[in-house]
Amino acid sequence: MSNIKISSTNKTTKIKKKNKHNNYFCELKKDILRDKYLYILIIPCLLFYFFFAYKPLYGLQIAFKDYSLFKGIEGSPWVGLDNFITFFKSPYVFRLIKNTLLINLYGLVIGFPIPIILALLFNEVRNKKFKRTAQTISYLPHFVSTVIVAGLVVNFLAPSGLINNIIAALGGNRTYFLTQPEYFRGIFTGMNVWKESGFGAVIYIAALASIDPQLYEAAVVDGANRWKQTLHVTIPGILPTITIMLILRIGKMLSVGFESVLLLQQPATYETSDVISTYVYRLAIEKGTYDVAAAVDLFNAIIALILVFAANKISKKFSETSLW
Amino acid sequence: MGNFKRNIFDYIIYVIIILVCILCLYPFIYVLSSSLSSPDAVASAKVWFFPVDFNFDAYKKIFEDQQILIGYANAFYYTILGTLVNIILTVSGAYPLSKRRLRGRKLMTILITFTMWFNAGMIPFYLNLRDLNLLDKRITLIIAFGCSAFYVILLRTNFQSIPEEIEESAKIDGANDLTILFKIFLPLAKPAIATVGLYYAVSRWNGYFWAMLILKDPKKIPLQVILKKMIVEMDIGEEAMQSADAILSLSKETLIFATIIIGVIPMLIIYPFIQKYFEKGSMVGSVKG
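Top to bottom, those sequences are chains A and B. Its first residue numbered 1, the first sequence is counted upward by one per residue in the working numbering. Its first residue numbered 1, the second sequence is counted upward by one per residue in the working numbering.
Hints may be right or wrong, so weigh each one.
[Stated by the list, open to error] Okay, derived cross-link-like pairs now, SDA-like style, lysine to any residue, Cα gap no bigger than 25 Å in a straight line: (1) Lys276(B) to Leu120(A); (2) Lys219(B) to Tyr77(B); (3) Lys46(B) to Asn23(A); (4) Lys287(A) to Lys137(B); (5) Lys252(B) to Lys228(A); (6) Lys131(A) to Lys229(B); (7) Lys106(B) to Asn23(A); (8) Lys228(A) to Phe9(B); (9) Lys60(B) to Lys252(B); (10) Lys29(A) to Thr109(B); (11) Lys216(B) to Ile73(A); (12) Lys99(B) to Ile167(A); (13) Lys55(A) to Phe84(A); (14) Lys229(B) to Tyr183(A); (15) Lys129(A) to Glu167(B); (16) Lys316(A) to Ile167(A).
No wet-lab data here; the hints were simulated from the structure.
Starting from the given sequences, assemble the full structure and let the hints guide the process.
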């Protein structure tokens, strides 16, 4: 088998020397004919990406135009960076950027470590049956739609809701939490932690399972107790997974949770709840200013892209783990 | 002494995990019990765990509402057809890209993965659908969200892990690429495809945002959009409320709780069966390819 391969490559190099150019197209044609079914197979997928991922990019130009529905994308005049300037001059710009960063920071500081801690706890459970059942229960919220989870939060936090019932039963005063700006970030972060932590732990549990048991045996021989084992074997073992998840997380930082913010926020809490993407939504859907909305969205997307590249680069430098 | 320490450590872990489980389960128990209780019991905060004054009135009322049944039917329609389209498009991209010999493979992979990091955003996407004359049509919800780059890459990696020798021997027997895909690769990659399909199905079933933007016709909207109106905006509908109050003396709350239960039931029924696939899926995804 290997002999045949070597002789055929020898042949092609000889031919290449004779007629390099002609040969390339000859080979290309041959390869395309050979793989014709593969090329046919990939057409639907490429068509999808053409129509629903790349064609919309054409519409991005409205971020630089004074877009009017009647004139269409082509008919609208170019205005350069005016839409961006409008956004940066708006009284909300500082609030929006601050809220976006803060809500994500809350999610990162509180929401990111909890699944890891949960996975480490599950890892210490010796009783297999208990572990399975508990894990299954902890996934449950992940499968429930954002709409329903937000509905639960809205209902539980209402003045006559469960949380206020508990507060009242303990002798406290009822509060309408969702109309108070100071509670919004906590509520939002709490909701996401409740919904995603159990399921988020799965990936770390998978990583934990692949740690070599010999490492633990060696640690025990060296006299490490369970805490020391966790610190020196378990955590280093899942560090690459943690890094990858962190980069992915940072990449989604500016967009994640948009739909749930939209479900929970009320005009009364815009002060702390309004983020860049909900502002884009309101500009476009409620006010119809598509051009400024598209500009704000583009700004958001570019920052997100820069964040992923930066996170990837930093991680490459310090831990030799990276996405690409 | 060492043994005693280990026990305390274990107990603490067990207690924390049991607390986590209670935290995950209790909201559903509370909602279920409240939806089966009398409005008075709910309003006066008598329901904590078991239903008080057990009755099915809220459910009866909800199922009289045509809109919920229509929403249910639509949600099934979009989930089943949509997931099918998802799987077909994902395999259509993943299989050719798993062949190292394919010319242009690198470029095509880059074009697809690029969409993971950058997309045109909400407004250009919406305008594009309008230009394609796809607003307020059922087909839009099915095809416009037909493929996710992440799953193409996931499935491609899975196909690549199947030994090439199998393909070579099939080629010698005279099979073409399509036969090889259907007879060999698809059966071998069945667990991965099932997993990806389930991920797609759950997000189809739970999705509301684009359905809300694209569809205007009440006959076409799926369950989640209706649920959003009812339980997040607490807009049960004037008519339903008036007749409900008069005839059954129902409160808005019991209706909302019953709606929540109706909304989660399909997921709750299938989730014990599918969750092990999800575990596998995230393990497949965690392997770097």
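Structure-based check of each hint:
no., hint, in the structure
1, Lys276(B) to Leu120(A), "holds (19 Å)"
2, Lys219(B) to Tyr77(B), "holds (12 Å)"
3, Lys46(B) to Asn23(A), "violated (84 Å)"
4, Lys287(A) to Lys137(B), "holds (24 Å)"
5, Lys252(B) to Lys228(A), "violated (54 Å)"
6, Lys131(A) to Lys229(B), "violated (38 Å)"
7, Lys106(B) to Asn23(A), "holds (22 Å)"
8, Lys228(A) to Phe9(B), "holds (13 Å)"
9, Lys60(B) to Lys252(B), "holds (14 Å)"
10, Lys29(A) to Thr109(B), "holds (21 Å)"
11, Lys216(B) to Ile73(A), "holds (23 Å)"
12, Lys99(B) to Ile167(A), "violated (61 Å)"
13, Lys55(A) to Phe84(A), "holds (23 Å)"
14, Lys229(B) to Tyr183(A), "holds (23 Å)"
15, Lys129(A) to Glu167(B), "violated (41 Å)"
16, Lys316(A) to Ile167(A), "violated (49 Å)"
Going down the numbered hints, you'll see the structure goes against 3, 5, 6, 12, 15 and 16, while the others check out.
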